[in-house]
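Listed in order, the protein sequences are those of chains A and B. Everything in the first sequence is counted per my numbering, starting at 1 for the first residue and increasing by one. Everything in the second sequence is counted per my numbering, starting at 1001 for the first residue and increasing by one.
Read the hints as simulated data drawn from the structure, not as lab findings. Note that CB positions come from ideal geometry on N, CA and C, so glycine has one too. Hints are all accurate, no fakes.
To spell it out: a stretch of chain A is covered by chain B in this simulated footprint if at least three of its residues, at any positions, have a beta carbon under 8 angstroms from a beta carbon of chain B; those stretches are:
#, stretch
1, 11-22
2, 30-37
3, 56-68
Pulled from the structure, derived: some chain A residues nowhere near chain B, Cβ distances all over 12 angstroms:
#, residue
4, 85
5, 109
6, 120
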Amino acid sequence: MSMKFSIPRTWRERKAHYVLEATKCSKCGKIHYPPRIVCDNCRSRELVRIKLSGTGKVLTYTIQHVVLDGFRDYAPMIFAIIELEEGVRILASLTDVTPKQIKPGLRVKAVLRKIVEDGKLGLIRYGVKFKPLEG
Amino acid sequence: MRKVYVVGVGFTKIGRFFDKGLRELFAEASLKALEDIGNEKVEALVVGNMMSSSLSEQDNLGAVLADYAGLGGIPAFKVEAACGSGGVAVYTGFSLIASGLFDVVMVSGVEKETEYPTRIVSKGLAQASDAEYEMFYGISFTGLNALVMRMYMEKYGVSRDEMSIWPVLMHKNASKNPYAQLPFEVTIEQVKNSMMIADPIRLLDSSPIGDGAAAIILASEKFARKLSDTPVEVAGVGMATDHIYIAYREDLLKLKATIEASKKAFSMAKVMPSQIDIVEEHDAFTVLGFINLEDLGFSERGKTPKEMLQGRFHPGDKPTVNPSGGLKARGHPVGATGVYQVAEVTMQLRGDYPGIKVQGEIGLAHSIGGLGTTVTVIILKR
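Chain A with its partners taken away, still in its complex shape (with noise of 0.2 angstroms):
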């Protein structure tokens, strides 16, 4: 049984993907997410670590029927571009809400979960998807 995954490149993203791990300029006060090495606004490059609060509103989404390869049991997934109260937009699948609860301006809170399986033996990749905050 061959893995597809690989490890150390799933471990090298684990606290982007875990717990929303940003990367904040130290000049500008830009927070950006994904992490950066160099600031896009001011190009300085003193940027700190910084975790995001991880509550935030659904400003768009989509529910996917059509899945790529090895995403099967998951479908149809649903996907949103969720901003945070820090400003930051994040890229996410929604959980625990059905399809017709899902508006714009949605309130929303991350949690860690399961984003797909390698297989039976191989690797379990984990990230953030986000839930409604009430109900």
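Following the hints, put chain B in place on chain A, whose structure we already have.
Relative to chain A, chain B alone:
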């Protein structure tokens, strides 16, 4: 910088060809283009392609194709910028001649998409997005565009049926196009009832998966006169890139890279949007068709669907948009599409286009890689 001309064109019909792989598709298009210049020699080959690696297990594509078509050991290489590979290949070929390095260069685009089921092809296409922070979560390229389509409809108050004018017009244009993948008309009802791919994007909002190849031959001024009686000038080129992670962009309803690339191309060609007669633009999905026209300066934000419903951009209007049928209905063999567009506009300007003919002096080709991550704009003049 030296002037650059298109002196030869050739392309295949777009579709599902069980008997043709990357090599056969390329050969068909490139040999036609060579016939267009009396089978004279080319000095270099630039190939636009996205997925030879992910779907055909073939890298080193430039050498593979040059060898197969008997181009004889010339410099040859692939240029990859996802769905925008073709436009970037033309941009590269232009630079090779403008710089003085070569006088005659072939630019081809080729894509073989139909060997595998949709979920595999979708994965290959999704590699145009951010592998670590978008595709990681399972979102497809259609899914990303669906996020934009919902926002466009909500912000500007455009209904499902109003959006459908795009596929309806594109299919109507393609119904006259002998090499189109989907040469038939569709109705607003058919669009509304077609299969949901990623809500609100339905099947008939999406460009199809298809195989195809196109080739053009570019030449310096001196060689252009020798190789063609009707050379078409590449009057302006522009290219720009944008953040790959779409959520990072301030405004999802504008593609900044299109705005930047078109500014550069218009400035180099010394023309204004109002002077353009023909546009071939990158309508991978219905919503992009409209946004592109707004980014290129042909219409106002959010008003394009209603204007198009009243006849704006149809054949006979200036500019006529996608007389070929666009990505939607001519088809979108990913890395080849940008080369098809330049070949089509060239044929329109020299008067031998086989589909809906547009009278005019100046045309524009607009090609996107990813969701506006890489954009080229190329302006052609008779």
